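**Student:** Each chain, letter by letter, is given below.
Number of protein chains: 2
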Amino acid sequence: MSSKENHPLHRIFHPRSIAVFGASNKPTTMGTYQLLNILSSGYQGKVYPVHPKLSEVQGLKAYPSARELPEAPDLALITIPRDAVLEVFKDLGERGCKRAIVISGGFKEVGEEGREKEQELVKIARSYGIRFVGPNCIGIINPWLPLNTTMYPYKQNPGYIGLASHSGTYVTQVLPWLEKSGIGYARAVSLGNEADLNIVDAIEYYGEDEQVKSIALYIEGIRRPKEFLKVAKRVSRKKPIVALYVGGTRAGARSGVSHTGALSGSDEIYQGVFNQCRIIRAPDVASLYEWAFALATQPPLKGKRIAICTHSGGPATSLADACERAGFEVREFSPKLQKRIRQLIPATGSARNPVDMTFSVNLDALYFQLPELILSSGEVDGLILHGIEGESYYTHFVQASHGRLKIPVEELSGYLRGILKKLAQLPARFSKPIVSSSFMGREDSAVALVQDLGIPCYPSPERAVLAMKALYLRGQSIK
Amino acid sequence: MSSKENHPLHRIFHPRSIAVFGASNKPTTMGTYQLLNILSSGYQGKVYPVHPKLSEVQGLKAYPSARELPEAPDLALITIPRDAVLEVFKDLGERGCKRAIVISGGFKEVGEEGREKEQELVKIARSYGIRFVGPNCIGIINPWLPLNTTMYPYKQNPGYIGLASHSGTYVTQVLPWLEKSGIGYARAVSLGNEADLNIVDAIEYYGEDEQVKSIALYIEGIRRPKEFLKVAKRVSRKKPIVALYVGGTRAGARSGVSHTGALSGSDEIYQGVFNQCRIIRAPDVASLYEWAFALATQPPLKGKRIAICTHSGGPATSLADACERAGFEVREFSPKLQKRIRQLIPATGSARNPVDMTFSVNLDALYFQLPELILSSGEVDGLILHGIEGESYYTHFVQASHGRLKIPVEELSGYLRGILKKLAQLPARFSKPIVSSSFMGREDSAVALVQDLGIPCYPSPERAVLAMKALYLRGQSIK
Numbered sequence: 036m037s038s039k040e041n042h043p044l045h046r047i048f049h050p051r052s053i054a055v056f057g058a059s060n061k062p063t064t065m066g067t068y069q070l071l072n073i074l075s076s077g078y079q080g081k082v083y084p085v086h087p088k089l090s091e092v093q094g095l096k097a098y099p100s101a102r103e104l105p106e107a108p109d110l111a112l113i114t115i116p117r118d119a120v121l122e123v124f125k126d127l128g129e130r131g132c133k134r135a136i137v138i139s140g141g142f143k144e145v146g147e148e149g150r151e152k153e154q155e156l157v158k159i160a161r162s163y164g165i166r167f168v169g170p171n172c173i174g175i176i177n178p179w180l181p182l183n184t185t186m187y188p189y190k191q192n193p194g195y196i197g198l199a200s201h202s203g204t205y206v207t208q209v210l211p212w213l214e215k216s217g218i219g220y221a222r223a224v225s226l227g228n229e230a231d232l233n234i235v236d237a238i239e240y241y242g243e244d245e246q247v248k249s250i251a252l253y254i255e256g257i258r259r260p261k262e263f264l265k266v267a268k269r270v271s272r273k274k275p276i277v278a279l280y281v282g283g284t285r286a287g288a289r290s291g292v293s294h295t296g297a298l299s300g301s302d303e304i305y306q307g308v309f310n311q312c313r314i315i316r317a318p319d320v321a322s323l324y325e326w327a328f329a330l331a332t333q334p335p336l337k338g339k340r341i342a343i344c345t346h347s348g349g350p351a352t353s354l355a356d357a358c359e360r361a362g363f364e365v366r367e368f369s370p371k372l373q374k375r376i377r378q379l380i381p382a383t384g385s386a387r388n389p390v391d392m393t394f395s396v397n398l399d400a401l402y403f404q405l406p407e408l409i410l411s412s413g414e415v416d417g418l419i420l421h422g423i424e425g426e427s428y429y430t431h432f433v434q435a436s437h438g439r440l441k442i443p444v445e446e447l448s449g450y451l452r453g454i455l456k457k458l459a460q461l462p463a464r465f466s467k468p469i470v471s472s473s474f475m476g477r478e479d480s481a482v483a484l485v486q487d488l489g490i491p492c493y494p495s496p497e498r499a500v501l502a503m504k505a506l507y508l509r510g511q512s513i514k
Numbered sequence: 036m037s038s039k040e041n042h043p044l045h046r047i048f049h050p051r052s053i054a055v056f057g058a059s060n061k062p063t064t065m066g067t068y069q070l071l072n073i074l075s076s077g078y079q080g081k082v083y084p085v086h087p088k089l090s091e092v093q094g095l096k097a098y099p100s101a102r103e104l105p106e107a108p109d110l111a112l113i114t115i116p117r118d119a120v121l122e123v124f125k126d127l128g129e130r131g132c133k134r135a136i137v138i139s140g141g142f143k144e145v146g147e148e149g150r151e152k153e154q155e156l157v158k159i160a161r162s163y164g165i166r167f168v169g170p171n172c173i174g175i176i177n178p179w180l181p182l183n184t185t186m187y188p189y190k191q192n193p194g195y196i197g198l199a200s201h202s203g204t205y206v207t208q209v210l211p212w213l214e215k216s217g218i219g220y221a222r223a224v225s226l227g228n229e230a231d232l233n234i235v236d237a238i239e240y241y242g243e244d245e246q247v248k249s250i251a252l253y254i255e256g257i258r259r260p261k262e263f264l265k266v267a268k269r270v271s272r273k274k275p276i277v278a279l280y281v282g283g284t285r286a287g288a289r290s291g292v293s294h295t296g297a298l299s300g301s302d303e304i305y306q307g308v309f310n311q312c313r314i315i316r317a318p319d320v321a322s323l324y325e326w327a328f329a330l331a332t333q334p335p336l337k338g339k340r341i342a343i344c345t346h347s348g349g350p351a352t353s354l355a356d357a358c359e360r361a362g363f364e365v366r367e368f369s370p371k372l373q374k375r376i377r378q379l380i381p382a383t384g385s386a387r388n389p390v391d392m393t394f395s396v397n398l399d400a401l402y403f404q405l406p407e408l409i410l411s412s413g414e415v416d417g418l419i420l421h422g423i424e425g426e427s428y429y430t431h432f433v434q435a436s437h438g439r440l441k442i443p444v445e446e447l448s449g450y451l452r453g454i455l456k457k458l459a460q461l462p463a464r465f466s467k468p469i470v471s472s473s474f475m476g477r478e479d480s481a482v483a484l485v486q487d488l489g490i491p492c493y494p495s496p497e498r499a500v501l502a503m504k505a506l507y508l509r510g511q512s513i514k
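Read top to bottom, the protein sequences are chains A and B.
Residue 36 is where the first sequence starts when you use the numbering used here, and the numbers rise one by one after that.
Residue 36 is where the second sequence starts when you use the numbering used here, and the numbers rise one by one after that.
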């Protein structure tokens, strides 16, 4: 077995069978929602509900205890009252189960009594060789298997980000927003109180996991700072890591303690740790995912020279301004390059940088010819493209005109698809990143396509600049 | 007539008849799209296409020239080649038309020759008393009339923001994003080259216009700084103004010149102007609209003490951290208040501030009882609520369970609607602002409802904090 397959998190993300504790036939318990979600997420392994009284749970045969399961399950998912968790751990140990996720709360996040119970739980686990996530967590998601053990039934397309989070919300409640943003997980784990497996284990595992292309961390406090430093330093050599740390203010620290019993520390100390580990620090939760997406899909930005390409004067100017504020250079192109650009844009456009095509329907120029020409020129290190949009505009007009306008919308979509596929190959061809923005979302097929092809497309021009900044920081950190 | 009705922009936003120059029966010209959009936007006034050759345009009787129109139109919308605009202005003047929007480009934004043509156009307009918006602009939107003269057919619900923009994109291309964000215009004008009517006129008009509750400005450069100072100072006494200025960097200034021939100036000088005028400066285009929405709907924040209320530990901690970074205080509540809060939340929750209900289905507590209790306590100046969500979660599960789960989703929605209506009355009752956030969008009926009731709901916790900061700056500026 590879080191990845030996890692304690491997079977938690890839169980061949799951025993579920806490599900019933009532529609009001969390465990029931989790069981339903495992089934509806498309999980193909075996599922064993365990219930002291019921012989059938949600249409599946149920077992009275772990000791009576027909096999040692790869994973136990536990959502029952705190004190019962300890007994279940003993039963699981006796049955030979080695991995668990403990959703139940009431442990160290609630104070001294809970802390003692948590220590007891760890002791039982150690005695049987059980490794577990939680307690007081929300579970894991592996959209590639697929498996979603959480109680959030939202769709998640497989992606490239490995997320480790001290907040279950940032694993689950964000799913509708992530889906609309075209951002997908490779894996996600809600760490909870980290009684056993913790953020260091997650970083270590993601480092070995080839489906994870970038690592995103939501941190309330690091419990094993020395190991964190050692592992994060090693992993970030090959994979980008981005982190949101919220424990560096008094209010953030106080809230973190109530939440997961987190041990936070001063902002300066954490910043020092992040710098040593080449960890890029995100200022807010949206940036955490948006930057991780760019870092997973685009090559690092190796210099400061940015090209801007759009058909809109306002976003051109906003992008130019935001780039310079971010420390980038938006240099005027050479006369030679401007001359070649002018052959592709209308007379009313601007070829200087930003390139502003103004209102033009030359999609091939905007989405491929100009980016190719500019990236091949050697005059820039990366490109920001505003105005990704497919058939939406025309579809609206065909509707608005009550059939008076005849526009071959489907042909247009097909044509555009071909152009965008060529666009998506440019970053690898030139080893230079492209990020984009649009005021349309994934309801527009062009936005959905570029995102799915790995060109980040953000909902406002300035967010594209921020993501480019993350790619720059990555480029600097691995120089 | 009131001063509002005498203002040159009044008939431009409320024309009883519009002559359209540039529309035809071809599906590829901008003028055609504008005409179709006027019709499909629901405009109830008269529309007169003017075309030298066609007797019918898009099903309407067309006229060969302005001189032959059956009446002097309230407004002329002009999208024809530059040199022809000058002739059309003379015809309009002879026919007695006093207001125009000139979409056509090729004027001062393209250099010396264009500059001369623009001066000539102004001269003709003055000789006939024509006041006009543009050239090189994209038109106006008045969703209350309704009227949309632009070529963007996207839906826009009537709202409270008066937008004046040096970018047509920020009037039009943003519409899908605004709609998804629950943000609506009262009026919007794309100013273009500002040969005649300019940003000062727009601020002045919005100041008088009772449907405008806050004013948003996208600025590439101010052409009449003294008048701007005078008018903005006066108007901002009664209505909040928020501005995005992008001409303060070299790259932004260069791009602005190519775009609208803008005269930008140093960031410091503009900041000084904004300070003198109580103008709140937005850092990016999304914030411009998001803050304008909060400023239009919520009372100003009169102090720094913020309460945070949620059912999610991660957002609780993020909000606490972001609040403190923004200069707010997230003080622990008094023992007395905490005791009363604990009666409304589960034992696993936290009552300290942030209030974290944890996973709880007590919607009345989260969305009304806690906000009311906290705002009435006198311990805070404003409240941020994370986790607005209605029936989405249950709808997903009913689908996921293939009918196995029976949940009365419609009853739940009705119940929630009653609670949220009570929530929306709290800011006026206590003169204290509430802003909220959710990872759900308007596809969720609770998010759509709170936004429509005037409680801003942003797509991430930190954006709610930023909007609260804008309300604080407003509160400080009118002390």
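Keep in mind that the hints were calculated from the coordinates and are not lab data.
Careful: at least some of the hints might be erroneous.
Because identical chains cannot be distinguished in the list, a pair is counted as satisfied if it fits within a single copy or across any two copies.
DSS-like mimics (lysine-lysine), calculated; alpha carbons at most 27 Å apart, straight line [stated by the list, open to error]: (1) 88 with 441; (2) 215 with 190; (3) 371 with 514; (4) 274 with 88; (5) 96 with 441.
Only a predicted model underlies this, so the values are computations on that prediction, with no experimental measurement involved.
**Student:** For every hint, state whether the structure bears it out.
**Tutor:** Going through the hints against the structure:
no., hint, in the structure
1, 88 with 441, "between (65 Å within a copy, 22 Å between copies)"
2, 215 with 190, "both (10 Å within a copy, 19 Å between copies)"
3, 371 with 514, "neither (31 Å within a copy, 56 Å between copies)"
4, 274 with 88, "neither (48 Å within a copy, 65 Å between copies)"
5, 96 with 441, "between (58 Å within a copy, 21 Å between copies)"
Going down the numbered hints, you'll see the structure goes against 3, 4, while the others check out.
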